[in-house]
Amino acid sequence: MTEKEIKKTSTQSPSVIPLKAKFRVTVIFFIVLAFYLFSSFKTESSITEFIDGIGNMGELFQKFFPPNLSLFQAIWPALADTIQMAIIATTAAGILCIPLSLLAANNVTTNKILYNIVRFLLNILRTIPDLVLAVIFVALFGIGALPGIIALVIFSLGLLAKLISETIEAIDMNPLEAMQASGANTIQTIYYAVVPQVLPQFTSFVLYVFEINIRASVVLGLVGAGGIGQILDQQIKFYEYPNAMGIIIIIFALVVIIEYISTKVREAIV
Amino acid sequence: MIEFKNVSLTYPNGTKGLKNVNLTINEGEFVVIVGLSGAGKSTLIRSINKLVTATEGELLVDNENILTHKGKRLRSLRTKVGMIFQNYNLVKRSNVFKNVLAGRLGHTGTLRSLFNLFSKEDRSLAYESLKRVNIEEKIYNRADELSGGQQQRVSIARVLTQKPKYILADEPVASLDPPTSHQVMTYLRKINQEDNITTVVNLHFIDMAMEYADRIIGMRAGEVVFDGPASEVSEKTFEEIYGRTIREGDLRGGTEA
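Those protein sequence lines, which keep their order, are chains A and B. Following the numbering used here, the residues of the first sequence are numbered contiguously, the last one being 270. Following the numbering used here, the residues of the second sequence are numbered contiguously, the last one being 257.
Okay, chain A solo, but in the shape it has when bound (with noise of 0.2 Å):
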């Protein structure tokens, strides 16, 4: 190298981002912001409007205070229906799920066309909303709690089915190897050597399904679908907010309390 040479590489200083990857950035960022001002055109909302909504949400807040939490006893029957949906959704939820996510895990299930048939029910199980499904089922089977289980069912059945299969594709195989080696059955197989590798997991997964379930139980009673969810509805369309805002006092202490103890077990197990 020459004198020249060695001053003009001890000179540069590269840049940390490579330009390339800049101006990708940038253009990518431009189409980002695009895609919104279309979007906030088309659909006619901005965010002017949402600050002029503050004014009336002010008002309207108003009217929710003082809060009505003298009605938890009426309610009380409501609310325990609400936790039995959840409980009960949950339970078959994680009875159904077993043989599903050991279908749905390409460690377990070696056969391509049956696993890839189980993966294809199951993603269309979790595309359809929960909302969407209580009232394809309130309509099916009337107004009442049993539409709302239905759709907690298959809803959680979806999520607890992804959850764990994948679980079961991340366990050790060596000793499902060994079982097999000493002449045992594909079901004492999974008894023995995947049951006690995913147990913790199952049941960690199952508490926090039971926790979206009390949450997805509420909104499922807007659409008919049982529970307190219902009353809440009731009370806002005639208007009576004191008591609408008592029963979302209520619904979120208990959501907050049943979380609390869920996640103490989850900790407590995995």
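Think of the hints as simulated: they come from the structure by calculation, not from any bench. None of the hints are false.
Okay, derived cross-link-like pairs now, BS3-like style, lysine-lysine, Cα gap no bigger than 30 Å in a straight line:
hint, chain 1, residue 1, chain 2, residue 2
1, B, Lys19, B, Lys70
2, B, Lys190, B, Lys120
3, B, Lys70, B, Lys163
4, B, Lys92, A, Lys112
5, A, Lys112, B, Lys70
6, A, Lys264, B, Lys92
7, B, Lys92, A, Lys162
8, B, Lys16, B, Lys70
9, A, Lys112, B, Lys72
10, B, Lys16, A, Lys112
11, B, Lys98, B, Lys138
12, B, Lys19, B, Lys72
13, B, Lys98, B, Lys120
14, B, Lys236, B, Lys5
15, B, Lys163, B, Lys72
16, A, Lys237, A, Lys63
17, A, Lys162, A, Lys112
18, B, Lys165, B, Lys5
19, B, Lys70, B, Lys165
20, B, Lys98, A, Lys264
21, B, Lys70, B, Lys5
Okay, the calculated beta carbon distance ranges per label pair:
hint, chain 1, residue 1, chain 2, residue 2, range
22, B, Pro12, A, Glu169, 17 to 23 Å
23, A, Lys264, B, Thr53, 48 to 54 Å
24, B, Asn134, A, Asn111, 42 to 48 Å
25, B, Glu64, A, Pro129, 53 to 59 Å
26, B, Glu29, A, Asn123, 53 to 59 Å
27, A, Thr186, B, Glu29, 29 to 35 Å
Glycine included, every Cβ here is placed at the ideal spot set by N, Cα and C.
Model the placement of chain B on the given structure of chain A, informed by the hints.
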């Protein structure tokens, strides 16, 4: 008796695992298979209980060609052929006793095993097996609380509980330190002699092969290149099998525990 008759094995990706292997392993023999990694030792041992399936030839176990075995017959073959693995292959979250009892699964009905209803004989057999490898005091410990050598002893107890006619051991000491390696080999040798269980062990340590084997089979590139009694084997033989001079890494060292 295990007989290989012109057995070849080609993996789906085209790799030749075994090339025209002819062998007879007699009742009660303690055979050590040596060779470099990739020589086909594992493939040979795993073809005996059909964890891999030979693609050509005949493989007879007790005069039955096992290459066509499926379902129930395959399980009954595996029930009489126990296996020990390099990584012990225990269920780490289960306790030692449950791991050992798993050796009885091939002899236990599905429904009974789902409720842990092992017979009294099975449970005492499992406990006796634990005693034979001196690990009975860890009976209710979780498997992942044990050291490597202890886990390998539990896996020997699991095989004993299976009451097999043959034991296959695929690199049983590769993950262990020298004293523990000797301990594990001593147990395997002792079981072979006391119960007259035909034992086939893969090793790549030549000193251990010479110390414990009745008979040594040397493999290179999927072929059997040496077969003879351990007494006829010298370092020269190993150099021929390995196709290179002996290095320090080919020796385990240490003495019998």
